[in-house]
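Here's the letter readout for the chains.
Protein chains: 2
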Amino acid sequence: MKKILNDPFAYADETLQGLVRAYPQYYRLVEGTTRVIARAETPKNGKVGIVSGGGSGHLPIFTGYVGPGFLDAVASGDVFASPSADEMATAIRAADTGAGVLRLYGNYGGDVMNFDMAGDLAEMDGITCATVLLADDVASASLAEREKRRGVAGMVLAFKIAGAAAEAGLDLAGVTEVAQRAADGCRTMGVALSSCTVPQAGKPTFSLGEDEMEVGMGIHGEPGVMRGKLQTANQIADAMLDPILADLNLPRGAQVAVLVNSLGATPVEELFILYNRIADRLEAEGITPTRRIVGRYATSMEMAGVSLTLLPLDDTLDGFLAAPAECAFWKV
Amino acid sequence: MKKILNDPFAYADETLQGLVRAYPQYYRLVEGTTRVIARAETPKNGKVGIVSGGGSGHLPIFTGYVGPGFLDAVASGDVFASPSADEMATAIRAADTGAGVLRLYGNYGGDVMNFDMAGDLAEMDGITCATVLLADDVASASLAEREKRRGVAGMVLAFKIAGAAAEAGLDLAGVTEVAQRAADGCRTMGVALSSCTVPQAGKPTFSLGEDEMEVGMGIHGEPGVMRGKLQTANQIADAMLDPILADLNLPRGAQVAVLVNSLGATPVEELFILYNRIADRLEAEGITPTRRIVGRYATSMEMAGVSLTLLPLDDTLDGFLAAPAECAFWKV
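Chains as they are written, first to last, in the working numbering: chain F, 1 to 332; chain A, 333 to 664.
Do not take every clue at face value.
Under 8 Å between C-beta atoms, here's a sample of chain A residues computed to sit facing chain F [claimed, not checked]:
id: 1; residue: K334
id: 2; residue: G389
id: 3; residue: S526
id: 4; residue: I605
id: 5; residue: A660
Pair by pair, the computed Cβ-Cβ distance ranges are [claimed, not checked]:
id: 6; chain 1: A; residue 1: Q567; chain 2: F; residue 2: E285; range: 49 to 57 Å
id: 7; chain 1: A; residue 1: T537; chain 2: F; residue 2: N45; range: 50 to 58 Å
id: 8; chain 1: A; residue 1: A533; chain 2: F; residue 2: N45; range: 58 to 66 Å
id: 9; chain 1: A; residue 1: G534; chain 2: F; residue 2: E285; range: 31 to 39 Å
id: 10; chain 1: F; residue 1: G209; chain 2: A; residue 2: T460; range: 35 to 43 Å
id: 11; chain 1: F; residue 1: D171; chain 2: A; residue 2: F341; range: 19 to 27 Å
Don't read these hints as lab results, they were simulated from the structure.
Here a beta-carbon is modelled for each residue, glycine too, at the ideal position from N, C-alpha and C.
Turn these sequences into a full structure, and let the hints guide you.
Right, dumping it as structure tokens:
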């Protein structure tokens, strides 16, 4: 896959610069950094801050979701690499308005280590921090070992819900509780059809045969649970939905948010073809897809493939998911 | 490139079905058709109707832009194929509330022929029709032969402006005049990095070497103006901007809308890298990018590549471009 870039080592920085220049109404670079983005307009004092962070190369995740009703600040690393603890601490400080800051991010070793250190740094400045780890990828570990699962596209729904809860005026404990509930509910399963290329590596991370797909592959190319022949859209929808439904064990009458997400290259046409089958299957299970989100919300640059996320909704989560929010990438 | 589908011959129909099921708040299938989409809620009587149409495989174009403040109805064909005159006439009837209907679509032979016939059919029903052809692709013919140019990503800006003008209550002549002004102003230049695959063909439409790009290629793979080695992001930005600036011949102090569009597979990260250079160049020319739109707005499924559109703005066009609108794909 060909990439449009100048210097592979400047890919992340130039991306963020361009983002801020194109959308100054939403984003600003925090002074003295090249990798920490905060809301263009500082939120009012007393609003709980929400920060996230992680590697670049997943837009709109993470930085794209900075905005009113969403995240307050994000630290980005190089492509697929964790930001530094210092950058994360800068993001925490940028998000703080005196009511504490929730660290809401994906369960990856480097991010956890650095966000822990960043929290220590911020607490020395008197900022109270809480943490919710996002671990929605059902392919990455069994239900019995949920704490080992990685965070993938479901992170977006947790960002949205936590952001709305903070905007609604909940305190740090309240926002954390709602975010944890969203994190606990989210389940995602992905299918990769091709690799992407990390700019600094200059070649695809992995290879898949012309007639192959890999079920359960991670968003950085982490190995999945099954590699096999490319299947039909209906079969792919089932391959994503079955393990999620098994994991959630939802009763008839349940309401869910459904996120059908392209990993990058796969066109939205094909997401809608998948959605047909997903809607049929949910209907057969007596589950209502109350909120439906179809598009590119969490990507791995030009990787071909898709993911499906379900999040069981109660009135509180649904209300926060549907609440207004402003950023360059959100549309429900 | 691998595709997620069931039956290649059902690709367009299943896409539209999924779109309507996922976003019933915006879209409905017009009764008795599988290819004509109208606004979920019928606009108030007396609003000028706006219809568009063309081949499938370009989402969000065309159908994605149906909604309040945008298009009223769209007829879609098979992938990269014109809809029938009957389907277009159905779309015109669905868009009519008694104030006439503007046909606003891309300058392609099949679409022009069928929309002309559709207009004749609709006028037999007493519906007054007007037409504005969109022909923004500077690569497809010289300025002296502008009437031969094809419509590409700039169509989106014309849809938005015409839709807002109709929503604001202008009559058919007024909406047509504003739409024509937007159409006259738009200039687009694209660069393709890879082909896409038409489902029914089952293989890529064309091939480009691993180190090649083609400047000026059309959104269906129509030949461009130059094939050469893949260049840097800054060089690619210049290759798109130079012919547009030459064509527009803007004075210092001009205000423009800038649309940096992925043709599908190219990630938004790389659009923002391009935007940096475009912003620098415009600044050097004394041109202000008043409205900045970066993302996937007009695609060729999984084609890799980008396009750049500039539209000179006056207060009227800018106001209509920035006016509120509702659909699943628009965010400025």
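Status of each hint after checking the structure:
Taken as an interface hint, A:K334 checks out: its beta carbon lies about 5 Å from the nearest beta carbon of chain F, inside 8 Å. With a least beta-carbon distance of about 7 Å to chain F, the hint placing A:G389 at the interface is held under the 8 Å criterion. The interface hint given for A:S526 holds, since its Cβ lies 7 Å from the closest Cβ of chain F, which is under the 8 Å cut-off. Below 8 Å, beta-carbon pairs count as interface contacts, and A:I605 has one with chain F at about 5 Å; its hint therefore holds.
Interface hint at A:A660: satisfied, since its Cβ lies 6 Å from the closest Cβ of chain F, which is below the 8 Å cut-off. At about 52 Å, the beta-carbon gap between A:Q567 and F:E285 stays in the expected band of 49 to 57 Å. Between A:T537 and F:N45 the Cβ separation comes to about 56 Å, which falls inside the hinted range of 50 to 58 Å. For the hinted restraint 58 to 66 Å between A:A533 and F:N45, the CB-CB distance of approximately 59 Å keeps it satisfied.
Look at A:G534 against F:E285: about 34 Å separates their beta carbons, and that is inside 31 to 39 Å. Distance hint for F:G209 and A:T460: a CB-CB separation of about 57 Å, inconsistent with the stated range 35 to 43 Å. Between F:D171 and A:F341, the C-beta spacing of about 56 Å breaks the proposed range 19 to 27 Å.
When held up to the earlier numbered hints, the structure conflicts with 10, 11 and fits the remainder.
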